[in-house]
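Chemist: Quick note, the sequences are listed as chains E and B, same order. Going by the working numbering, the first sequence wraps up at 856, each residue one higher than the last. Going by the working numbering, the second sequence wraps up at 468, each residue one higher than the last.
In case anyone wonders, no lab produced these hints; they're calculated from the structure. Mixed in with the good hints there might be a few duds.
Below, a list of computed lysine-lysine pairs in the DSBU-like style, where the Cα atoms sit at most 35 Å apart [as the list claims (entries may be wrong)]:
| hint | chain 1 | residue 1 | chain 2 | residue 2 |
| --- | --- | --- | --- | --- |
| 1 | B | K344 | E | K443 |
| 2 | E | K729 | B | K136 |
| 3 | B | K97 | E | K413 |
| 4 | E | K574 | B | K230 |
| 5 | E | K558 | B | K125 |
| 6 | B | K452 | E | K754 |
| 7 | E | K558 | E | K691 |
| 8 | E | K443 | E | K413 |
| 9 | B | K59 | E | K413 |
| 10 | E | K574 | E | K558 |
| 11 | E | K838 | E | K779 |
| 12 | B | K(-16) | E | K838 |
| 13 | E | K443 | B | K230 |
| 14 | B | K230 | B | K(-16) |
| 15 | B | K136 | B | K268 |
| 16 | E | K448 | B | K230 |
| 17 | E | K841 | E | K470 |
| 18 | E | K438 | E | K413 |
| 19 | E | K779 | E | K470 |
| 20 | B | K268 | E | K438 |
| 21 | B | K203 | E | K438 |
| 22 | E | K558 | B | K452 |
| 23 | B | K136 | E | K438 |
| 24 | B | K268 | E | K574 |
| 25 | B | K203 | E | K696 |
| 26 | E | K690 | B | K(-16) |
| 27 | E | K558 | B | K136 |
| 28 | B | K59 | E | K470 |
| 29 | E | K729 | B | K452 |
| 30 | B | K203 | B | K97 |
| 31 | B | K(-16) | E | K438 |
As a plain string of letters, each chain reads:
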Amino acid sequence: MMYTPHTKNDVEAMLAAIGRENIDHLFQEIPEKYRFPKLDLPKALTELEAQAELQEIASANATTKDMISFLGAGVYDHYIPVAIDSLLRRSEFYTSYTPYQPEISQGTLQAIFEYQSLICALTGMDVSNASHYDGATAAAEAVIMAYHNFKGKRNKIVVSRIVNPQYRKVIHTYTQGYENISIVGDDAFTDSTLNHQELAALLDIDTALLLIQYPDFFGNIYDYRQLIEQAHAYGALVAVSVNPMSLGLLTPPGEFGADIVIGEGQPLGIPLSYGGPYLGIFATKKELVRKIAGRIVGQTTDVNGQLAYVLTLTAREQHIRREKSTSNICSNQGLMALASTIYLSLLGKNGLKQVAELCYQKAHYAADRISRIKGFSIKYSSTPFFNEFVVHCPKPVSLINLALQDHLILGGYDLSQEYPELPNHMLVAVTEKLSKEDIDAFCEALEEVTQ
Amino acid sequence: MIEKTVFELSAEGRTGFQFPDLDVPSYELPQDFLRQQLPLPEMSEIDVVRHFTRISQKNYAVDIGLYPLGSCTMKYNPKINEEMARLPGFALTHPHQPIVTTQGNLFLMYTLQEWLKEISGFAAVTLEPAAGAQGELVGALIIRKYHHQNRQVGRKNILIPDSAHGTNPATSSMVGFDVISIPSDSRGNVSIEAIAPYCDDQLAGLMLTNPNTLGLFDENVTKVIDMIHQAGGLVYGDGANMNALLGIVKPAELGIDIMHFNLHKTFSTPHGGGGPGSGPVGVTTTLKDFLPDPIVTVIEEGDEETPPLFGFSHPAQTIGQIKSFYGHFGVLIRAYTYIAMHSADGLRNISEMAVLNANYLLSKVRQKYTLPYERQCMHEFVVEGVWDDVPGIHALDIAKRLMDFGYHPPTNYFPLIVHEALMIEPTETESKENLDAFAETLNRIADEARLNPELLHSAPHSTPVGRCDELKAARDLVLCCWSDNLSE
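One chain only, chain E, in its complex shape (with noise of 0.2 Å):
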């Protein structure tokens, strides 16, 4: 199938206008011995063999439709309401370019300011840019932010080991040209407890940014308070990385002196797509403003006096700084960003406290259940969580879940995968979209399988 209009005549008549013969004169400046390489690709599909091939190709996948699933660790299977596909869908949104040319993109405009205007309701924050890729570069964004913030005569990034494990890798990789940078307090060596003292004791006036993660990748929740004054009284800027959702129950990182909130976007109203496209939540305090990366709407006025949305402080970005720019990225995830402005939408502060609720009292029934279960138990079971917990198993957690696929059940993530002074222990998240016969179902299936 092509998608390309042209007509025989209308080739040869263009061909005339131009003087040409034919097509391949159009390429005579590519080196001869290069030009024209013949490309082994399968034969092309149309439309109707096309969608029956995705369609098998998907169906080799499993899906949390097709098992009942327990998988979180940073990524959450909630409820997404139809209304957001089918605005999504719209075509002036989605066939629509970066808004630069505001006079012909004020959709795209005003649903960012919204967007920015949402996030910074939830997280406590006075601004958010237009988003990241994802969380775990929203987290790398933020450490190099905080490192210009301090010109880079600061060089010390804390980052606690509970934060995302891809976070941890990405900042790494971020980071690699900036030489002076030290990242401490993540490394393997590190007891993945490492409590709020011990963190603390890496602070110093070296310090750029304390990174912190709230619920953390444990699903904890932490009076963070003492913490960021500590961090604070050495002058460094903190980070928290949250989970959106939680905040439609918790005390917002705004609230409790945070310099910057980072997090995944991916549970308000995003598929889960094996893995994206996500949104990265970006959001900082004013005095900040002119040291975030990415793009940014403010409102303004027309000509005529009459409201109206633009790009903004854009002197920042890379197609105006070049090379003296902080951030090379040249984009925003548009229309994740609008999914997720069309979810808070709809669901407003009751409904998101509600499905956060929802979610917490269905983890804290499951974790209870599990808890007598024999030879599991919970292992932070005096500390507050969110919808999601660490359950010590009596067996490695690989093992139990590849049992229990055959009861059609995705299991927990491993958290030895990331953490191996943490073996046989099983991370497990749970949304609103679990039924208490679906946690009965877990609950029974564990039991089975490790007897």
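Using the hints, position chain B against chain E.
Modeler: Just chain B now, with coordinates in the frame of chain E:
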């Protein structure tokens, strides 16, 4: 018409979604951690649907008309791609699922890697980068690590032509390179004379966009690449303009070492109002061990009875992970569908028609607009949006006036080396009639500039808002619904 924001449309007690009741016993909430206020809007579903429908109608889009943004490749986004990306078999898979439960996803990614290798000539491809700019970051980190592995840590100079996208120098700075801007020669090619002095043991590499942002195929390309290689440097190819080269030339065969693709340009995945994009990166055999972690691979060969088992491998010298998981999978499905429906002939047809369209359009407007480089163009071209006899008219005025005729303007003021640049890329999905009508409009605007320049200065007249005060936006900084003025 001003559209109120979701906060202004809110009314206490409304909701647009209802969840089922709790079906498990109730547990005590963590009282010390509960938030006191959640200042989100309250709206009914119809209010939400109408609001977003109304604001959508203030956007211009490919589905409305010609969108000739240079170097952005705003081609038609096939509807079948959207359907395929939403198949529950794909959309409802969790990235932490065991690989035996996601063989469909892994097959699709593996096959797409193979196809991109075939199209570009590279030995290995990663699908992980989230966008072209992130692909560049991957490339720059690979160049850096490659030199470090070879104990050539002094190689810090990266050469970037002055016609390059801003992301090239910005990316280079992020990895600690020193950016050296290379002027273009009189034919718009990379200047060989300007490169020569930097071909020494300080050279990390060159970032080359070809066809460049002038829409010209670099006539010095193989010579320049040879010079860089001779000096021990690597050549990064910015694949933004790959839409001109499908089945025309394989960039790796020209000698390019690393290149990113923009699936949202060349392979028809939607731009989404600014994202998500997808920027896979191809590399030569020498560099494949440096690719980001992880990469999709066959971990157990199949035979006649059983298909191969797909999984992940971890390149030995990897630069590391650059985002969560494996790439923008939803975008990859769309690109897979597009390539599957085109195959070799179809892909070549795309580039042929893209180049034909650009040259045809150029032939229709070149009498009225100045062409800075008298050459045949590839898939796009740049003209000057300014005339000596009407000095008060600028590229911006032409761009804004085009909106009155129902067009999105071309990219303007880029590349920086062309005075008042208008960079025009019609793409292959526009018909001759559409190009004729657009050319006629451009030419009419050139006439208007003389007859009634005020019409251009005051344009646009027919859009939801008129020209916007960008200085005011940056000065007053109103960045969310309830903040009056952050700059105070």
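Chemist: Of the numbered hints stated earlier in the document, which are not met by this structure?
Modeler: 14, 25 and 31
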